[in-house]
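In order, the protein sequences belong to chains A and B.
Heads up: the first sequence is residues 1 to 285, going by the numbering used here.
Heads up: the second sequence is residues 1001 to 1268, going by the numbering used here.
Hints in this document: simulated from the structure, not taken from any laboratory.
Keep in mind that a hint or two might mislead.
[As the list claims (entries may be wrong)] Mimicking BS3-like on lysine-lysine, the simulated pairs with C-alpha atoms at most 30 Å apart in a straight line are:
(1) B:Lys1041 to A:Lys194
(2) A:Lys194 to B:Lys1109
(3) B:Lys1087 to A:Lys280
(4) A:Lys194 to B:Lys1140
(5) B:Lys1133 to A:Lys271
(6) A:Lys194 to B:Lys1253
[Stated by the list, open to error] Derived CB-CB ranges, DEER-like:
(7) A:Glu274 to B:Asn1024: 30 to 36 Å
(8) A:Asn112 to B:Leu1187: 57 to 63 Å
(9) A:Trp142 to B:Ala1183: 53 to 59 Å
(10) A:Gly148 to B:Gln1090: 43 to 49 Å
Think of the CB as a built atom: it goes at the ideal place given N, C-alpha and C, for glycine as much as any other residue.
Residue strings, one per chain:
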Amino acid sequence: MQPTIIMRPDIPDATGKVDLQVRLSGLELFWSHGAVRKTFILLALAVIWEVYARMLGNPLLFPTLTDTLISLWSSVLNGVLFERTWASLKILVLGYGVGVLLASALTILAINTRLGTDLLETLTATFNPLPAIALLPLALIWFGLGIGSLVFVLVHSVMWAVALNTHSGFRSVSPTIRMVGRNYELKGLRYVFKILVPAAFPTILTGLKIGWAFAWRTLIAAELVFGVSSGQGGLGWYIFENRNILDIPAVFAGLLMVIVIGLVIENLIFKTIERSTIQKWGVQY
Amino acid sequence: MNAISRPSSRKVEHAAASPLVEVNNVTLRYKTQEMMITATKGVTFNVNRSDRFILLGPSGCGKSTLLKAVGGYLQPDEGTITINGRKVTQPGADRMMVFQEFDQLLPWKTVLGNVMFPLLNAARLSAREAEEKARQYIDKVGLGRVAEAYPHTLSGGMKQRVAIARGMAMEPDVLLMDEPFAALDALTRRTCQDELLQLWEDTKFTVLFVTHSIGEAIKIGNRILLLSPHPGRVKAEVCDVDKINVSDGSAAKLEAEIHELLFAGEEH
């Protein structure tokens, strides 16, 4: 017996057209932006701050947002705040850079030799739990009151987090991708930089972000303990100085600046890197 | 009738000029946490130029392990593997692998970038030559319009086509395919099989193809090596598979015959 195929005419729709795509309304579109929702939260927090500070009425303990902003603005105008921020950022970049470089060297050693792996695992297990700031007294004895000590604690705060994440990223690269790389006769550093680094990039980026957050916190904390020689201290020192002269709005302005720098680096620099790499590659959403 | 021959009588089969790939009495073992597993035992076969040579067997017959050994990813404990007379000691771009997994494409490169990658890094072509060649092969697999897309935007079938284009663009001595269509849906699999055959008609490349599907083996191959499991040994070799015909039922007959051979003596 032969099966038969009966052709059907196109199935007609009741209305004649199908709502495959419906545009969202303007408000829905507006609200669907994460930035819009977060701005809303920030504004709400600002209002709460202002209202609470006015109710408290004690500018020495808790200045109002407007006082803080005025202080911030005058510090910006006379250039002090930018000078201090710049001083902090210079040291941060130096310490972060050295930390990342050392972490890369350690991780490359670790993936190529078994002893290197053991070294990395032992060192990170030993030093990762040790808060960088706890090394500051020692660093001050070794390197004196200056950039050296700050860079030392920064390197310590960055290195282990970055090394740990990079290493675990390398180890989680899929066997298929590894075999593909070896198929193309990539070896040594070319294999690391052309296959392992991009394949492990999501984890590496996480490590870099954690390292950055550690470094920033450590730096500000370290600067609170001492200013770099001859009044050229950073943002932490700015906060400490102003507390000593009881200029509390300036203290708040300094803290606000710390937050702003943190947000800018997180949302501008790292988000841009994410968007142009791992999001574009579809390995993270 | 197709020639299904026992390994003992294989000498008479083909007196071709020196074969491209020679696998000679190869025993492969690998270690797990507790023990040493023998994947294949004393496997011998030859692949000639322009063969579509299939390694067929149930799981546990060591066909994938065997392919990886030809790829140079593991060394035989006994026996030798040579390609063009050279002993295989490590992976190389003269044997391009196509894997079953979709993640074999580099997610940080576009389709074009993926196909160009080995051309730039292993064949050391200039950027312009590599792009020209890559585009030519991407067009061959019919993906010209998604050349600038990233792999995560492609369907499974498209990803496998890219992987095949990437392998073929290198114009390797032999293309090693490890169940490349096994993870595809049935319809896509058929299309991909047809396309692979079409590509073979164009360029007559040599391919060593691993599968556990008898139907796929008969459709793709001109020679089929049947392997039995635990450990993998050669049970038989089917020659001139491309002489069969789907319409006169000889394909179905061969399929039944191979099935019988592979599962002979097994209680179901």
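Hint check results:
no.	hint	result
1	B:Lys1041 to A:Lys194	37 Å, violated
2	A:Lys194 to B:Lys1109	11 Å, holds
3	B:Lys1087 to A:Lys280	42 Å, violated
4	A:Lys194 to B:Lys1140	27 Å, holds
5	B:Lys1133 to A:Lys271	36 Å, violated
6	A:Lys194 to B:Lys1253	49 Å, violated
7	A:Glu274 to B:Asn1024: 30 to 36 Å	52 Å, violated
8	A:Asn112 to B:Leu1187: 57 to 63 Å	45 Å, violated
9	A:Trp142 to B:Ala1183: 53 to 59 Å	57 Å, holds
10	A:Gly148 to B:Gln1090: 43 to 49 Å	47 Å, holds
In this structure, the earlier hints numbered 1, 3, 5, 6, 7 and 8 are contradicted, and the remaining ones agree with it.
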